[in-house]
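Could you build the full structure based on these sequences and the hints that come with them?
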Amino acid sequence: MEKSKLAVLIFHAYAHVQHCLIKLNPKYRDEFGLTDGECLERLWSYLNRFVTMTRKMGQANQKLVLYRAIKFCNETKKVQLGLMLEGKYVKAKRIIEEARKVLEGFDCVVIEREWKQHVNKVEKSENYVDIADLMESGHKVQGNIALFLVNFTILRRLRELTNDANGNHVKDEINRLKHEIEKLKAKIQEEVEGFQEPDEENTNLIKYIEENV
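Numbering of the sequence shown is given in the UniProt record's numbering, commencing with residue 1 and proceeding in unit increments.
Hints are supplied without guarantee of correctness; some may be wrong.
[To be verified] Listed next, the in silico SDA-like pairs over lysine to any residue satisfying Cα-Cα at most 20 Å (straight line):
| hint | residue 1 | residue 2 |
| --- | --- | --- |
| 1 | LYS63 | TYR46 |
| 2 | LYS124 | ARG113 |
| 3 | LYS27 | LYS88 |
| 4 | LYS23 | TRP115 |
| 5 | LYS88 | CYS39 |
| 6 | LYS23 | ASN120 |
[To be verified] Have a look at the derived ranges for each label pair, beta carbon to beta carbon:
| hint | residue 1 | residue 2 | range |
| --- | --- | --- | --- |
| 7 | THR52 | VAL109 | 55 to 65 Å |
| 8 | LYS88 | TRP115 | 19 to 29 Å |
| 9 | PHE32 | PHE106 | 20 to 30 Å |
| 10 | LYS124 | ARG42 | 34 to 44 Å |
| 11 | VAL51 | ALA186 | 42 to 52 Å |
| 12 | VAL110 | CYS73 | 42 to 52 Å |
| 13 | PHE106 | GLN59 | 52 to 62 Å |
| 14 | LYS91 | LYS183 | 53 to 63 Å |
| 15 | LEU81 | ASP30 | 22 to 32 Å |
| 16 | LYS183 | PHE50 | 48 to 58 Å |
| 17 | LYS78 | PHE50 | 18 to 28 Å |
| 18 | LEU81 | LYS124 | 40 to 50 Å |
| 19 | MET53 | VAL110 | 52 to 62 Å |
Hints listed in this document are in silico derivations from the structure and should not be mistaken for laboratory results. Think of the CB as a built atom: it goes at the ideal place given N, C-alpha and C, for glycine as much as any other residue.
Listed below in structure tokens is the structure:
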């Protein structure tokens, strides 16, 4: 994760909060050039025409049609690669020339310093969340939910066993699991609340836990 560089696609970036925009917009990131990151969206747009055609096909036919469509798309892109690169080069040169004219009356060192100050100010705000920390928190919540579901399944099975056998070891195991599940339930609720605003799905999960344990 530390060696990776993250960015939000241009189409989505401007709908994000400010601290996300200034850190993850590819236009503001070094070494990203003028890419908009929307190549996958363009592929979905191209494949959209095959939705109706493949809806009633068998799985093998669906895969074949999509495979041939993607292969054709790739071949077309290769043929057009020279023209595309030439167009991007001409556009980049024009943007650089226009930018130089606009920036002639400004001190770029001052602008860069002010931008860094703005970024630092946003990062220090209460609403700033680092994307890596956010992803790690999400994985932690998912891990605890999975662990809860495993324990809950075992507990349900042990309860079924008590109908056939009333051994103390079964009852002890049930009590131990109930205690573990209670701790997990509290941890999940705390992490979900800290991770994001409670939504309907999270609320239903906590409600399910409370009703079934």
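Here is what the structure says about each hint:
1. For the proposed pair LYS63 and TYR46, the alpha carbon gap of about 16 Å is at most 20 Å, so the pair holds.
2. Distance hint between LYS124 and ARG113 is fulfilled; the C-alpha atoms sit about 17 Å from each other, no more than 20 Å.
3. In summary, the hint linking LYS27 to LYS88 is supported, as the alpha carbons are separated by about 15 Å, within the 20 Å threshold.
4. For the suggested pair LYS23 and TRP115, the alpha carbons sit about 12 Å apart, so the restraint of at most 20 Å is met.
5. The suggested pairing of LYS88 with CYS39 holds, with an alpha-carbon distance near 15 Å, which does not exceed 20 Å.
6. The hinted pair formed by LYS23 and ASN120 meets the criterion: a straight-line CA distance of about 11 Å does not exceed 20 Å.
7. The beta-carbon spacing between THR52 and VAL109, approximately 57 Å, falls within the hinted interval of 55 to 65 Å.
8. Roughly 25 Å separates the CB atoms of LYS88 and TRP115, a value that falls within the hinted 19 to 29 Å.
9. The hinted range of 20 to 30 Å is satisfied by PHE32 and PHE106, whose Cβ atoms lie roughly 23 Å apart.
10. Judged by the Cβ atoms, the range 34 to 44 Å given for LYS124 and ARG42 holds: they are separated by roughly 37 Å.
11. In this structure, VAL51 and ALA186 meet the distance hint of 42 to 52 Å, their C-beta atoms being roughly 45 Å apart.
12. Between VAL110 and CYS73 the Cβ separation comes to about 46 Å, which falls inside the hinted range of 42 to 52 Å.
13. Separated by about 59 Å at the C-beta atoms, PHE106 and GLN59 satisfy the suggested range of 52 to 62 Å.
14. Checked against the hint of 53 to 63 Å, the C-beta distance between LYS91 and LYS183 comes to roughly 58 Å, which is consistent with it.
15. As the Cβ distance of LEU81 to ASP30 is approximately 25 Å, the hint placing it in 22 to 32 Å holds.
16. At roughly 49 Å, the beta carbons of LYS183 and PHE50 sit within the given window of 48 to 58 Å.
17. For LYS78 paired with PHE50, a C-beta distance near 21 Å keeps the hint of 18 to 28 Å intact.
18. Checked against the hint of 40 to 50 Å, the pair LEU81 and LYS124 passes, with Cβ atoms roughly 44 Å apart.
19. Checking the proposed 52 to 62 Å range against MET53 and VAL110 shows it holds: the Cβ atoms sit about 57 Å from each other.
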